[in-house]
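Line by line, the protein sequences give chains A and B.
Each residue of the first sequence is one higher than the one before, counting from 6 in our numbering.
Each residue of the second sequence is one higher than the one before, counting from 13 in our numbering.
Hints may be right or wrong, so weigh each one.
Said to hold, decoys possible - Straight-line alpha carbon distances no greater than 35 Å define the calculated DSBU-like cross-link-like pairs of lysine-lysine that follow:
#	chain 1	residue 1	chain 2	residue 2
1	B	Lys-172	B	Lys-48
2	A	Lys-190	A	Lys-225
3	A	Lys-184	B	Lys-94
4	B	Lys-172	B	Lys-94
5	B	Lys-84	A	Lys-111
6	A	Lys-190	B	Lys-48
7	A	Lys-108	B	Lys-203
8	A	Lys-184	B	Lys-84
9	A	Lys-190	B	Lys-84
10	A	Lys-184	A	Lys-108
11	B	Lys-84	B	Lys-94
12	A	Lys-225	A	Lys-184
Read the hints as simulated data drawn from the structure, not as lab findings.
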Amino acid sequence: MSAPPEPNGSRAAVGPVLPGAADGEAEPALSGATVAAGPSAETSPPPEAAGALVASDHLSKWYGQVIGLNDVSVVVPHGITGLLGPNGAGKSTFMKLMTGQLKPSKGTVQVLGEPVWNNPAVFARLGFCPEQDAFYDRMTGREWVTALVRLNGYSEGQAAEAARRALETVDLLDAADRKIGGYSKGMRQRVKLAQALAHDPELLVLDEPLGGMDPIARRKTIRLVREWARQGRSVIVSSHILHEIESMTQNILLINNGRILAEGNVHQIRELIDEHPHTVQILAENPRALARQFLAFDDLLSLKFEEDAVVAQTARPDAFYRRLTELAASGEAGEVREVTSPDDNLQAVFQYLVK
Amino acid sequence: MPIHDQSYRHYGGQREPLGRAWLVIVGDGVRTIMRKRAFIGLLLFAWLPFVVRAVQVYLAANYPQMSMLALKADTYREDLEKQGFFVFFITIWVGAGLIANDRRANALQIYLSKPLARAEYIAGKLGILMVFQIMVTWVPSMLLLLLQTLFAGSFDFVSKNLFIIPAITIFSFVQVLAASFTMLALSSLSKSSRFVAILYAGIVFFTQALYGIVYGVTRDSSFSWISFLANLEEVGRLVFRAKMHYDTPWAVSLLAILAIVGVSIVVLERRVRGVEVVK
């Protein structure tokens, strides 16, 4: 087996690269996460790491010859932090490293003040919701969540109660005794979320939690995340959609090509992103009726149909999503089953940012 | 008016100490399997030889004219060897999907995000399989020995064959461990439990057939180490102090079994981990 390649580029390149940063007009001290710039011979986390939620130091992960995460030194504070980047940017890798599922190829990562790799004691304080489906279709939601809670050391009775509370929190109690195989995409997302929060963790790590949810479920989940953090707990949530992240937090980490590209307040990049058309795919009971409603939106740029879905391009994603939620709630254009967004638009912004 | 603390309060109930999560996996796994009636039928069928032996022990102990039916120490070895038939089916039924199904369902990443070390996960899965295998090997043998002692009304048989209890225990566990580790390693290699079952059956039968061919050509039984089952038989004969069946030195058979277990552990170490994210 060949040795993994050294990470390319210098560490000094890591840091805020928003327009203006190069000519001394950089934003004032960016809030939230702190990206360490410049090489360091030390492997211990930087001083800011004390009391931090997550602190990584020169963290890298290779998959053979492919770099998943490249020399990331970052300190994430408590509260909600959004991890924003296109598909393949390294978000999932970073999340799997911080949840102790992957061993770093190089560097260290500490979560809640402790090294996370091979440290099940920390896992008890974490809740992880992966992007992919990860359950047995033949089990009911209640059985699945209960079984997983028991791995945290709960007795059967306590686990059943914790599972019930979690399913209630994600608004899935009515369907708790149905087989997961019969769940819609949004329900599957919510049952994954339930297992992540059922054991009352201090930190929730959510990998693309809103993917495939219908507009109502999205809104509820966003509210849930914000409420969770309001109670003093922390959340790290990834997405390739700025609108989603922005609805949960102002504090973001931009990641691309395995490197932290920028960090700080979401408003600093939102104007850039708004310059690019945003594509939304909506799976609906009656796509044509939905499309007719969209035609009244003044920010609509284009429309096309794909089987049971309508694909729209909008210049103002915020307004579009808000009206879509209202439409779904009113039921005027039939049931809206699933909303997804490809990341082409975000990729374009990233390309612009790294120029 | 007192203002109550609204900040985060961690779960205050009792939790099991770390390191016991594997017991949850064993418990859940055993319960899940026991819900299948057909499997309970197989278990009952696997106990039929025990029932026959129990009658034999009773007759031998109570009717002098039937004393030729009395069990010898080697009978226990023969019985354990025959139970290998049921061990094979139970291993396939219970073991094929143990890890393969988790991999197919992507559940490994969820399991391993809980306070559960990889070694604990493997121990839990091994535990499920071993519980059922022990139920058709060690348990009926020890129960039969107990019955024989009770019907005879004395410890004569046990005291004359002091090795019998350790021999039953060692041979049962060698059978169980070899089958469990092999099956679990195979189960970690695929997402299809059917494919795993075929692979396991293939390994057992192919190695036996290969040895048969080699023996047919060379007329030399010192190649029996090729066969999975022959190695188990040799180790069984060793622990029961019986005459060896093959020309293969027992140490070679034992090494072959240890090698199988060793390779299985390496495979499990590499395959049981959080899903790698490559897009």
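If any of the earlier hints don't hold here, list their numbers in rising order. 1, 3, 5, 8, 9
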